[in-house]
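Asks: If you want the building blocks of each chain, they are given just below.
There are 2 protein chains.
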Amino acid sequence: MSDVSEHDAPTEDRRRSRGDASRARVLEHAAAIASADGLEGLTIGRLAGEAGVAKSNIQVLFGDKQSLQLATIDWVLQLVEAFNAPALAAATTPFERVRVMVDGWFAFVERRMLPGGCFMNGVSSEFRARPGPVRDRLAERRRAKRRRYVEALAAARDAGEIWPAIDVENLAFELLSYQALANVAFAIGDEAEFQRARSISARRLDEAKAG
Amino acid sequence: MSDVSEHDAPTEDRRRSRGDASRARVLEHAAAIASADGLEGLTIGRLAGEAGVAKSNIQVLFGDKQSLQLATIDWVLQLVEAFNAPALAAATTPFERVRVMVDGWFAFVERRMLPGGCFMNGVSSEFRARPGPVRDRLAERRRAKRRRYVEALAAARDAGEIWPAIDVENLAFELLSYQALANVAFAIGDEAEFQRARSISARRLDEAKAG
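Those protein sequences? They're chains A and P, same order as listed. Quick note: the first sequence uses full-length UniProt numbering, first residue 1, plus one each step. Quick note: the second sequence uses full-length UniProt numbering, first residue 1, plus one each step.
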């Protein structure tokens with residue numbers, strides 16, 4: 001390691017970029033494992049086997065199991081954002097953005113971008129009896145998602161695209177409820193209930209639309 | 001075992017009743033473990049330790065782990081039914097029955113009748129990547145619950161207590177959605193969201209009420 005120094009930037013950059021690529025490859029596998037079997041099923045040994053990486057390298061990249069779990073949560077949320085980004089960028093009005101967010105959720109689950117469907121809904125239940133940093137991170141990410149929904153709906157209301165009388169907090173809650181049920185339905189193989197969640201979500205938005 | 005025969009009914013009855021009491025005691029512990037840590041966390045070894053029963057006895061009473069998981073699912077649903085039974089029996093109209101079903105769900109979770117909240121919502125996610133008899137049983141029980149909600153709402157509509165235009169399938173879906181989100185909120189310690197689910201459920205029923 002003695003050749004790494006401030007004066008040796010190109011080498012360090014290359015090294016960092018190799019490290020980022022390794023991290024990304026490991027996190028892809030971590031997300032798939034945790035999506036299907038939960039964050040507790042994400043052991044360093046299993047991950048090493050599936051990603052084809054030495055256990056010691058995973059420990060160097062991520063530290064302990066809990067740090068790995070937290071990194072996996074953050075990675076999955078980046079994945080979800082990246083999935084929705086093109087359609088969100090193409091949306092021309094605030095209401096259009098809301099539709100894209102809602103449609104994007106169903107598409108993400110249905111296309112099995114992760115084997116276990118919606119990661120956040122799936123793993124939140126897992127931590128019901130496990131207070132600590134992982135549960136705190138999941139709670140924080142859930143609140144952030146709710147805030148994004150409330151803000152997007154408020155922007156649509158302020159733009160006159162949805163009725164001023166609509167309670168955006170409640171509407172956000174309802175849309176997220178349908179996703180929570182849809183995710184369990186998907187988990188358990190109930191396709192009809194998943195599709196009902198999607199069509200009721202679309203209808204709620206149609207009803208809220210002004211004009 | 002040679003003393004057990006058709007001609008020896010009192011002894012057999014006593015024996016069976018002792019067996020039932022052991023089963024019940026073990027299942028109480030099984031429900032608590034699975035509610036908090038999932039049905040996969042329900043190992044025969046751990047259960048033996050917590051219930052203070054020999055592993056071999058649990059194997060005699062329940063067979064293998066999968067049979068124990070199925071027995072635990074059925075036990076929990078009996079527990080939920082017993083919890084709601086007095087209020088349901090006291091309900092004087094079909095609409096009143098619906099209210100009792102909805103209020104009873106929130107009360108069951110809030111009073112921590114099981115440490116992990118709503119068992120069905122909690123463990124369904126756990127089996128998202130595990131097809132088989134346990135997932136099938138969970139799916140079947142979820143469908144049965146939905147049917148009970150639809151039938152109770154239809155009875156209230158037929159009695160003229162809710163508006164005839166109400167789509168009872170959709171209303172049942174919505175009420176169950178709020179529970180799905182409330183259960184994740186409860187799991188993760190988000191009390192405000194849990195209470196929002198309860199008040200939105202009550203409001204939905206108020207809006208559906210005829211007259």
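Incorrect hints may appear among the rest.
Any copy will do: because identical chains look the same in the list, a pair fits if it lies in one copy or spans two.
Stated by the list, open to error - Once the Cα atoms are required to be at most 25 Å apart in a straight line, the calculated DMTMM-like pairs of lysine to aspartate or glutamate come out as:
id : residue 1 : residue 2
1  : LYS209    : ASP20
2  : LYS145    : GLU12
3  : LYS65     : GLU161
4  : LYS55     : GLU151
5  : LYS145    : ASP167
6  : LYS209    : GLU140
7  : LYS55     : GLU191
8  : LYS55     : GLU110
9  : LYS209    : ASP136
10 : LYS65     : GLU110
11 : LYS65     : GLU151
12 : LYS65     : GLU207
13 : LYS209    : ASP167
14 : LYS65     : GLU40
15 : LYS55     : ASP190
16 : LYS209    : GLU169
17 : LYS55     : ASP103
18 : LYS145    : GLU40
19 : LYS55     : GLU169
20 : LYS145    : GLU81
Hints in this document: simulated from the structure, not taken from any laboratory.
Asks: Against the earlier hints, flag every one the structure doesn't satisfy and list their numbers going up.
Replies: Violated hints: 1, 2, 3, 4, 6, 7, 8, 9, 10, 11, 12, 15, 17 and 19; rest satisfied.
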